[in-house]
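Q: Sequence:
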Amino acid sequence: MDNNQEKDILGKVRNIEIKSKRLSQNIFAGQYHSAFRGSGMTFSEVREYQFGDDIRNIDWNVTARFHHPYVKVFEEERELTLMLMIDVSSSLDFGTHTMMKRDKVTEIAATLAFSAIQNNDKVGVIFFSDRIEKYIPPKKGRKHILYIIREMLGFKPESNRTDISMALRFMMKIMKRQCTVFLLSDFYDRNSFKDDLLLANHKFEIMAVQVYDQRAYQMPDIGLVRTYDAETEEEAWLDTSDKRVRTLYRDMWLKSNAELTDVFKKCNVRHVSIATSDDYVKKLMALFDKK
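Start counting the sequence shown at 30; every next residue gets the next number (the numbering used here).
These are computed hints drawn from the structure, not numbers from a lab.
The calculated label-pair distances, taken between Cβ atoms and stated as ranges, are:
| hint | residue 1 | residue 2 | range |
| --- | --- | --- | --- |
| 1 | R160 | R299 | 23 to 31 Å |
| 2 | R160 | Q207 | 21 to 29 Å |
| 3 | N148 | Y176 | 12 to 20 Å |
| 4 | R160 | I87 | 51 to 59 Å |
| 5 | D307 | P249 | 14 to 22 Å |
| 6 | D224 | I203 | 16 to 24 Å |
| 7 | D224 | W266 | 32 to 40 Å |
| 8 | G183 | K223 | 31 to 39 Å |
| 9 | R206 | K185 | 27 to 35 Å |
| 10 | Q243 | G183 | 21 to 29 Å |
| 11 | D82 | Q243 | 52 to 60 Å |
Restricting the straight-line Cα-Cα distance to at most 27 Å, the calculated cross-link-like pairs of lysine-lysine (BS3-like) are:
| hint | residue 1 | residue 2 |
| --- | --- | --- |
| 12 | K223 | K294 |
| 13 | K185 | K151 |
| 14 | K151 | K163 |
| 15 | K311 | K294 |
| 16 | K312 | K294 |
| 17 | K202 | K151 |
| 18 | K295 | K232 |
| 19 | K163 | K232 |
| 20 | K202 | K295 |
| 21 | K223 | K295 |
| 22 | K295 | K205 |
| 23 | K312 | K151 |
| 24 | K223 | K163 |
| 25 | K205 | K163 |
| 26 | K205 | K168 |
| 27 | K185 | K163 |
| 28 | K223 | K205 |
| 29 | K169 | K151 |
| 30 | K284 | K295 |
| 31 | K202 | K223 |
| 32 | K284 | K312 |
| 33 | K205 | K151 |
| 34 | K294 | K205 |
| 35 | K151 | K311 |
| 36 | K223 | K312 |
| 37 | K232 | K294 |
| 38 | K312 | K169 |
| 39 | K202 | K232 |
| 40 | K284 | K272 |
All C-beta atoms, glycine included, are put in the ideal place defined by N, C-alpha and C.
The whole structure should be built from the sequences, with the hints applied where relevant.
A: Set out below in structure tokens:
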């Protein structure tokens, strides 16, 4: 990487940090904090026993001292581990509005990461295509988050394709403790990942964020167009002046998206679809409110 590329990436990192920190601090505020369960319970205080309290929580030392039953009060541990599973396959290199799908994924992931460190949580990342491209173990702190953002901006995957099942199996293998997982992808995967998603959501708390561009289903009337599949490297020519072609193109996307939504529902996975032109903050807040 030359000096100009280095400066360009550092500038992008800084811009994303400013925007995502503002969003995580001022807009999400308590939404992130309250949306996700902690990993266990921690001792908080003792109080006098009340009818209906669990006798297993009686603090016998305090009870003996005051000759009256006292119970331990616990509160949920707020420290979480947030895992970001980020699709880096070639289909993300597409966009027709202000940004590519890959750029949208990066902003969303950065905002989630800064929200996590505001809550003193650990953040880890799995970059995947049809292989595990890179794994960053969970850690805390701003320096760690900036390293993650830098990697997201400059990362060059070895493979073009997508295998979500493989990525989910890897995540289940390496993560031994409870964590919250955000799966960020356009879900352009020709293979079924339903079984592995169902299994992963039993073990962890999975949330799916689908990023798409509206041209995925709205083809303009601009005549003969060469299309290119970035994952398979297949080319085809489409006559967009033919209304039947445009309708077929739309219907294929709508059918595929309905099937994807059905998979999420059957796996009991909370999900949200975000276009490259969408305000992703509102969409994420709605996702948190589904809790």
